[in-house]
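Participant: Can you make the complete structure from the sequences, with help from the hints?
Quick note, the sequences are listed as chains A and B, same order.
Residue numbering for the first sequence follows the working numbering, beginning at 54 and increasing consecutively.
Residue numbering for the second sequence follows the working numbering, beginning at 384 and increasing consecutively.
Hints are not guaranteed to be accurate.
Unchecked claim - Partner residues are not named here, just some residues of chain B that face chain A (Cβ under 8 Å, in silico): (1) E494; (2) S508; (3) Q545; (4) L552.
Bear in mind the hints are in silico, worked out from the structure with no lab data behind them.
Yeah, the Cβ is synthetic: ideal placement off N, Cα and C, and Gly gets one too.
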Amino acid sequence: MNNLNPKIFDKDVEQVPIRQGYGEGLLQAGEENEKVVALCADLTGSTKTSIFSDKYPERFIQMGIAEQSMASVASGLAAMGKVPFIASYAMFSPGRNWEQIRTTICYNDSNVKIAGAHAGVSVGPDGGTHQAIEDIAITRVIPRMTVIAPCDAIEAKKATLAAASMVGPVYIRLAREKTPIITTEETSFEIGKSQIFYTPQEETDKKVGIIACGALVHQSMMAAKELEDEGISVGVLNLATIKPIDTAGILSFAKEYGKIVTVEEHQVHGGMGSAVAEVLAKDHPTKIEFIGVQDKFGQSGKPDELITHYGMDKESIKEAVKRVLTE
Amino acid sequence: MSHLHDDKIKELEIKANEIRKSIIEMLVEAGSGHTAGPLGMADVFTLLYFHTLKHDPKNPDWEDRDRLILSNGHICPLLYAVMAHSGYFPIEELKTLRKLGSRLQGHPHREYLPGIETSSGPLGSGLSQAVGMALADRMDSGQKSNKFFYCSLGDGELDCGQGWEAIMLAGKEKLHNIIGIIDRNNIQIDGYTSDVMPLEPLKEKFEFFGWHVQEVDGHNMESVNEAIGQAQAVFAQPSIIIANTIPGKGVENFERDFKWHGMPPNKEQGAEALNELRTLGGKIKSEHE
Numbered sequence: 054m055n056n057l058n059p060k061i062f063d064k065d066v067e068q069v070p071i072r073q074g075y076g077e078g079l080l081q082a083g084e085e086n087e088k089v090v091a092l093c094a095d096l097t098g099s100t101k102t103s104i105f106s107d108k109y110p111e112r113f114i115q116m117g118i119a120e121q122s123m124a125s126v127a128s129g130l131a132a133m134g135k136v137p138f139i140a141s142y143a144m145f146s147p148g149r150n151w152e153q154i155r156t157t158i159c160y161n162d163s164n165v166k167i168a169g170a171h172a173g174v175s176v177g178p179d180g181g182t183h184q185a186i187e188d189i190a191i192t193r194v195i196p197r198m199t200v201i202a203p204c205d206a207i208e209a210k211k212a213t214l215a216a217a218s219m220v221g222p223v224y225i226r227l228a229r230e231k232t233p234i235i236t237t238e239e240t241s242f243e244i245g246k247s248q249i250f251y252t253p254q255e256e257t258d259k260k261v262g263i264i265a266c267g268a269l270v271h272q273s274m275m276a277a278k279e280l281e282d283e284g285i286s287v288g289v290l291n292l293a294t295i296k297p298i299d300t301a302g303i304l305s306f307a308k309e310y311g312k313i314v315t316v317e318e319h320q321v322h323g324g325m326g327s328a329v330a331e332v333l334a335k336d337h338p339t340k341i342e343f344i345g346v347q348d349k350f351g352q353s354g355k356p357d358e359l360i361t362h363y364g365m366d367k368e369s370i371k372e373a374v375k376r377v378l379t380e
Numbered sequence: 384m385s386h387l388h389d390d391k392i393k394e395l396e397i398k399a400n401e402i403r404k405s406i407i408e409m410l411v412e413a414g415s416g417h418t419a420g421p422l423g424m425a426d427v428f429t430l431l432y433f434h435t436l437k438h439d440p441k442n443p444d445w446e447d448r449d450r451l452i453l454s455n456g457h458i459c460p461l462l463y464a465v466m467a468h469s470g471y472f473p474i475e476e477l478k479t480l481r482k483l484g485s486r487l488q489g490h491p492h493r494e495y496l497p498g499i500e501t502s503s504g505p506l507g508s509g510l511s512q513a514v515g516m517a518l519a520d521r522m523d524s525g526q527k528s529n530k531f532f533y534c535s536l537g538d539g540e541l542d543c544g545q546g547w548e549a550i551m552l553a554g555k556e557k558l559h560n561i562i563g564i565i566d567r568n569n570i571q572i573d574g575y576t577s578d579v580m581p582l583e584p585l586k587e588k589f590e591f592f593g594w595h596v597q598e599v600d601g602h603n604m605e606s607v608n609e610a611i612g613q614a615q616a617v618f619a620q621p622s623i624i625i626a627n628t629i630p631g632k633g634v635e636n637f638e639r640d641f642k643w644h645g646m647p648p649n650k651e652q653g654a655e656a657l658n659e660l661r662t663l664g665g666k667i668k669s670e671h672e
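Facilitator: This is the structure:
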């Protein structure tokens, strides 16, 4: 289905950091359009901006640790017809520079693309200061902003290219750790379109739909597959674009499965799950369980330890599916 | 920068007086808004819009125009007044300031009114936007870039850290096409800048960051014009002009008092101010001539 990677469920599935896709997408966007420029706030290597800046140093602006100015400088570049991509850790952009993004980019209707790397608790040992788990909430609340949380490096590359092709501000959420490759070059991608990534082989009377985004899409698919052995039919919808949200896709998925679990590496308040709830509460009230960080800050630890600690691992997802069935 | 002949100076001074009258009329009608800054910068903006800027009010999107980026968005009554008087829109429309549906938002919105380069108001970010524009133009034209990016800044907004991020970047990038003009009126909402957050030595601070710095009397058209000419001629260095101004300039009641930063005159105060401006109050050079 959807031309996904046939090795998704294999132990040796290829794993690549999602941010790698940003760097590769940025390079290709730069090759295709000479107006594409990149800015970075002293994190050129870890945001993978270096893939672009190595080839196009004359179209790269090293900002230093100045995320606020970076957002507004990008707005100025866009006013002159450039297509600027700005990158830092999500905690600092769109975290630290939120007002500059709101006023000088979105209120100005400025064609700037924002890449927030190291989003989620899976940043790991750096600890809570560096783990952006509020970024979806603060970006999707701004009018005009498009918000995308790709599930793997290939989707991140497509999202970056799609962002370069559209006019308007876009936030692309990236994760630090290596993440299993779910999609392939052939998998379709369109901003604003959700995709069913997993459909149960057999239909039982116990049906639940998982709506996931970002690095946890893989965990969700693993959970769905394992739950099938327990007689529960679980579908998985990849909601890469959180805004503009795919209302029709979500409604038809919710009508098909009846009960929903949302899965994201983000605070449950204001994130993707909240966005889904806004859609369903209005047009098709549905029971929902929310997997995400429950109003807490992150801390140091190994990425997988943290995902488990905050209840976002495969087992937690399975439990949430069972919980929503019994409620 | 072309030299200013005496006749032209006189013409600009009369124009500045007209602009001040419009500012008072707008503020009285709006019932809210900022008084001190717009009056204080009226001479500089009159010079910019009626002499310096390469622009075409009938073709506001003209690609080769100079850009005026208003970082201190709250002085927009002044921007609106010079724009209306130079033909961007009817002078009559000035009376809609701050009203529902008006193109003249309380702080300027780029999409509402053609000729506005950036939406602004939240302080500290205009210089970054100007630097971004100047960088884009230099990427395209190199040192031959002959557009100028004028950024109007308030002195109080230099409290913001972001401004210094932009100042560092412009210095690093040696942007010759940036000309910042600071309204050094020594006041901000809460009081005198020296009490709220001292900025001095301002000239030296900019110099340390690699900028070409000039200080001028912001009410002397000739001096400001000459400083802009100097700034345009500087090679591979951004320029800042510290324009020393009197807040509320032109209306004695409003001058030098920080309480007029964010307050409009009421009807009576407005009428008195207009009377003073109509009679030129003995303060404007051309009156003596």
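Participant: If a hint holds in the structure, say so; if it doesn't, say that too.
Facilitator: Hints, verified against the model:
At about 6 Å, the closest approach between the beta carbon of E494 of chain B and any beta carbon in chain A falls short of 8 Å, and the interface hint on this residue holds. At a threshold of 8 Å, the smallest CB-CB gap from S508 of chain B to chain A is about 4 Å, leaving the interface hint in force. For Q545 of chain B, the suggested interface contact is upheld, since its CB lies about 4 Å from the closest CB of chain A, less than 8 Å. Interface hint status for L552 of chain B: upheld, as the beta-carbon distance to the closest one in chain A is roughly 6 Å, under 8 Å.
Violation of the numbered hints given earlier is absent; every hint is satisfied by the structure.
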